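What follows is each chain in one-letter form.
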Amino acid sequence: MLAALTAMLVGSSLVLVFLVAPEDADQGLSQKIFYFHVPIALTAYACFGLGAYKALLLLWRKDERYDLESYVAIHQGTIFGVLTLATGSIWAKASWGHWWLWSENQLVLFLVLFLFYTAYFMLRFSLEEGPRRANISAVYALFGIVLVPVSFLAIRLAENVIHPTVFTREGPQMTGTMFFTFCVAWVAISSLAYTLYRVELLGKRVDSNLRELREALTS
Amino acid sequence: MRYLADVATLARKDLRLELRARDTLPAMLLFVVSTLVVFRFALPEGADELAAQGLLWVALVFTALLGLARAWAPERESGALEGLVLAPTDRSAIWLGKSAAVFVFLAAVELVALPAFAVFFAPVDLSTVVGVLLANLGICAIGTLLAAMAAVSRTRELILPLLFLPLAIPLVVGGVGASISEEPEQFLAFLGLYDAVFAILCWASFEYVVSE
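Line by line, the protein sequences give chains A and B.
Take 1 as the starting number for the first sequence in our numbering and just add one per residue.
Take 1001 as the starting number for the second sequence in our numbering and just add one per residue.
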């Protein structure tokens, strides 16, 4: 049901992006990536936020199921974070001719977050399974959500000293159709993330149930 | 008051251990001086002072990492952490005591590193010194907690830099800004904000890192 709805939303947003929304006067076809890049980035933030929220619930209520939920949310967030880096990089190449620009604050922030959350996985997989791993992962996940605004501020500050010249992106004049397309794309990407989250969670739960069953049978 | 006395006892224990064994601090001192010498050859001829100021912060962060990797080694090697956790004190006192001890180590290292930097590269101004002190607070707060996480993991010292560096980027931004900017106040304020935010977070969450 959820998957079907997501497929429909993604399909209709593709139609809107490529057939209905008018082409940007300045950037032409390359502006279309905006409809994917920005929703993906917002979705990644939402996933990190969800992961931190579940981590807080874990520490608060000591209920083990939040551990898996927090982990899966962060996993999805990292996947969407990598997609943000990729789409942002492509857009930068198409618009300015460079694959990477340090003046793009959002992209730099995603790079920092990518490093941070990759370390989250390394930490998690080098700890013994159990309540301590759940606690430590949760504390680290909470650090992540605090790191977002702090890093953003830091990157803004760094720009003043290290890059005195600021690239200003001319805000594209968004027409009504463009804005509507953007909103549909956003909802589509969000529901795609949520579907993936549910699927992965289900898979992981089945996996751990199976393992318990097998252990019960062999012992 | 009881709490602060516990913190002081724990910090004193670490300092006394170091005074007797002398294994971490000399290593950190030698490391920071060697790093500065390496930077002399890493910088191209005619590189300006600004580049050297940036490298100073790289040296400080990596030296701190070296010390942090050893921060929980005594507890780990003798299995003392379990005993500390069971002691009748707030668990955050363990974190605060360790952070205080690490702060003393770092300050001692910088007492050598900053004059060495001034001799080798460029003079050190007041805003750099204040920036270093503020950054130390953040490094100790967050580094001690992350080192405790790393100490219970399988990969131990290997994972600490991976956990620490993304979180240290804002500290480097603040520190370098304080060193090279014409208006260092905003960078010092940023460092103070970072310290406050992460110290509170570490103080509140340390209990979950050490308890099961």
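No lab work stands behind these hints: they were computed from the structure.
None of the values given here were measured: they were computed from a predicted structure.
Just so you know, not all the hints are guaranteed correct.
Covered, in the sense of this in silico footprint (three residues per stretch, anywhere, with C-beta under 8 Å from a C-beta of chain A), are these stretches of chain B [unchecked claim]: (1) 1162-1168; (2) 1171-1181.
Derived list of chain B stretches under chain A, where covered just means 3 residues or more per stretch with a C-beta under 8 Å from a C-beta of chain A [claimed, not checked]: (3) 1066-1075; (4) 1198-1206.
Ideal Cβ positions, reconstructed from N, Cα and C, are used throughout, including at glycine.
Structure-based check of each hint:
1. With 5 residues having a Cβ less than 8 Å from any Cβ of chain A, the stretch 1162-1168 of chain B passes the three-residue criterion, so the hint holds.
2. With a cut-off of 8 Å between beta carbons, the stretch 1171-1181 of chain B has 6 residues touching chain A; three or more are needed, and the interface restraint holds.
3. A count of 0 residues in the stretch 1066-1075 of chain B with a Cβ less than 8 Å from any Cβ of chain A is obtained; the coverage claim is therefore unmet, three being the minimum.
4. Proximity of the stretch 1198-1206 of chain B to chain A, defined as three or more residues with a beta carbon under 8 Å from a beta carbon of that chain, is established by the 3 residues found.
Taken one by one, the earlier hints fail for this structure only at number 3.
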